[in-house]
Each structure stands twice: as C-alpha cells, then as structure tokens.
Amino acid sequence: MFTESDDTEVIQLVLRGQQAAYATLVSRYQQYVFTLAMRYVKDRELAEELAQDVFVKAYRCLADFKGNSKFSTWLYTIVNTTCLSHLRKKKDETILLEEEKMVSISDNSNAERPSERMEQRTQKQMLNSALKHLPESEAQAISLFYQGEQSIEEIGVIMGLTTGNVKVKLFRARQKLKEVLESRYSRELA
Amino acid sequence: MEQNEEIEMQLWDYIDGICSIDDMPRISILIERDPAWKAKYAELSALHTSIGSSLELEQPSMRFTQNVMDVVAATHVAPASKKYINKGIIRGIAALFIGMLTTALGYAIAHVDNNTTSKIALPKLNLGGISNIFNSGTMLMIIAVNIVIGLVFLDSLLRRKRAHIS
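Residue numbers (the numbering used here), protein chains in the order written: chain H, 1 to 190; chain F, 191 to 356.
What the hints contain is simulated information worked out from the structure, not anything from laboratory work.
These numbers were taken from a predicted model, which means no experiment stands behind them.
By construction, the Cβ of each residue, glycine as well, lies at the ideal position given by its N, Cα and C atoms.
There could be a bad hint or two in this list.
Stated by the list, open to error - Quick look at which bits of chain H chain F covers, simulated, 3 or more residues with Cβ under 8 Å:
1) 26-38
2) 122-133
Said to hold, decoys possible - What the simulated footprint calls covered on chain H by chain F, stretch by stretch (three residues with Cβ under 8 Å from a Cβ of chain F suffice, anywhere in the stretch; the number is not a length):
3) 8-20
4) 51-63
5) 136-149
6) 171-179
When you get a sec, could you build the whole thing from the sequences and use the hints?
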C-alpha cells in the first residue's frame, strides 16, 4: 500500500496544475477501485465505466480533499456513493444470494459448474468465487478490510455505517466464507 | 450456539486487534488455557490468513488509466467548496427568516385583544387593499412565474461565475 505522504505529494502537484500527475494516482488505485466496483455490479464493462467515473469525480473534487483521512478512504467513499447511486438509478440486478445458496456454491448438486471441475478448484478460487456471491455490502466490507487495507472505523466512514455494524457485516461474511471452505473440505475428506 | 458466536466475535476482535485493553489479556489467557478457545482461535486465525492471502484484485483493461486521463484532460479541478459557498449569504438568508418570524410574532403579540370573550383571539391583519390583490389567483400565478424565471436567471449567473473561477 502507498503512504499518505506519497498521495498528498501527488495531489499537491495536481492542484498546482500538473494534470499528468493524476495518472500516478489512477495507476495506484485503479485495481482497488475496479475491484470495489465489481462487488456492486457483475458486469466488467459496467464496473470499468463506474471506476472511470469515480476517478473523474475524484479529480473534479480534489480541492475538497482536506487530508483529514487517507486518500484511499476518501476515494473509496466516492466508489461507494457512485455505485450505490448507479444501482438506485438503474435498479441493476446485483448478485444477492441467501445463506443456503452460499453453501450451495461448494455443493456440486446445483452449482454453476460440473462437479469434476469444482473439485479441481483451489481454495483461492473458491474464496474469490464465494466472495462474488456474498451480499454486496458484506463483500464490500471484506474487500475494504483485506484488500483496501482500511480499518473498521474507515470502513464505517466509507459505507456510512457504525463501527458495530461493520463488525457484524465482517463477522457474517467471514462465517459464510468459512462455511464454503468447510463444506468443500468435508466433501474432499468424504 | 449463541455462546459459540459470542466466543467467535470476541476472537475476531482479538485477531483484528480492535478489542479493548482490558479484554486483550483476558482473551490471551483464555486462548492459552482453554482448549475450546485455543481450537477456535487456531481455526479463525487460519481463515483470516487464508482470506488475506487468497483474495485477488480485479484487473481493469490495459487502457484504463489512459481512458481516465482522456476524460480528465477536458475537465478542471473545481475550486474547494469552501471558496464558493459564501457564508455571508447563508447567514443573510437565516437573518431574513428570523427577522420575518420575529416581526410576525411581535405584531401578533402587540395586537392581542385581552378583553375578548373567546378563548383564542387572533388579531386581524389589516393590509388595506393589498389583501384583495394578493388573493387573486392570477396575481399568485404571476408571482410564481416570476420566481421561477428569477431562479433560472440566478442559476445561469452562478454557473457562469463558477466556470469563470475554474
């Protein structure tokens, strides 16, 4: 992850008129922003469009970044509001599966892929696939915590939730991921 | 089941490093001495490591940065909202409303008829012939249209001013 001072230096350059310096911030955070957008919309093209929109918005409002928080926290807040307002506008279909459906990801009976291929999947693939099937807010919390390196408090700021609510979301998401892994291993042992 | 969840919650706080200073040594001791806590801690720690190392970042297209920079080239950084939000105007509007309310209230209190037999006696507002004019539907319509035109004009004026600043 990049230090706050790295980002602040680049921001100052951009604010002083060196527009090209903004490309550094875009390169630095494009994967994080795109990944977070993917947690909300399943379509890659749409997620890329939203991620692009996020960076343009962030550029326009860069003078409003006061440095009270990390740049990444500020940027991810824009991701959150942009994606949510998109979903509200378009009423886009998001992948929301109930708990039982989550377990079915590792259960070969009604999974999207044949059982033979399921067994070949690594733990890494399993977790990434399971994460895509979590309710968006839980997947978002997990991504921000493990990938975006945001603290519980910062996730609360980004998602507009209390610390307690963030903890509950993380707890539920981890439980579901654990269930997926456990059921996979129990099948392998059987 | 609930007790199990409670243990897990406490252990997650411990693993995430967000449990209180008081709880930290207590949980450490429990992990050390209680086999159930020890087993659960090992299980959750493994899951924590596994999630942390397994999750992959999605990769946007190769041209992503260039696409963003192409759009950014045609835009400007807007001035900080502090600069264009004039606190004086906000205070002026607030003062106007407070003034209007105070005047209306003062007028009402000054014209209260204490000798009346009814329980509530509201003073009659004497506006001369103005009230007849203002009660006319046509007049209200004209005022509404004028307000809308005024707002549109103000909006375009502020937009031009903002574009000029940026």
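### Hint numbers contradicted by this structure
none
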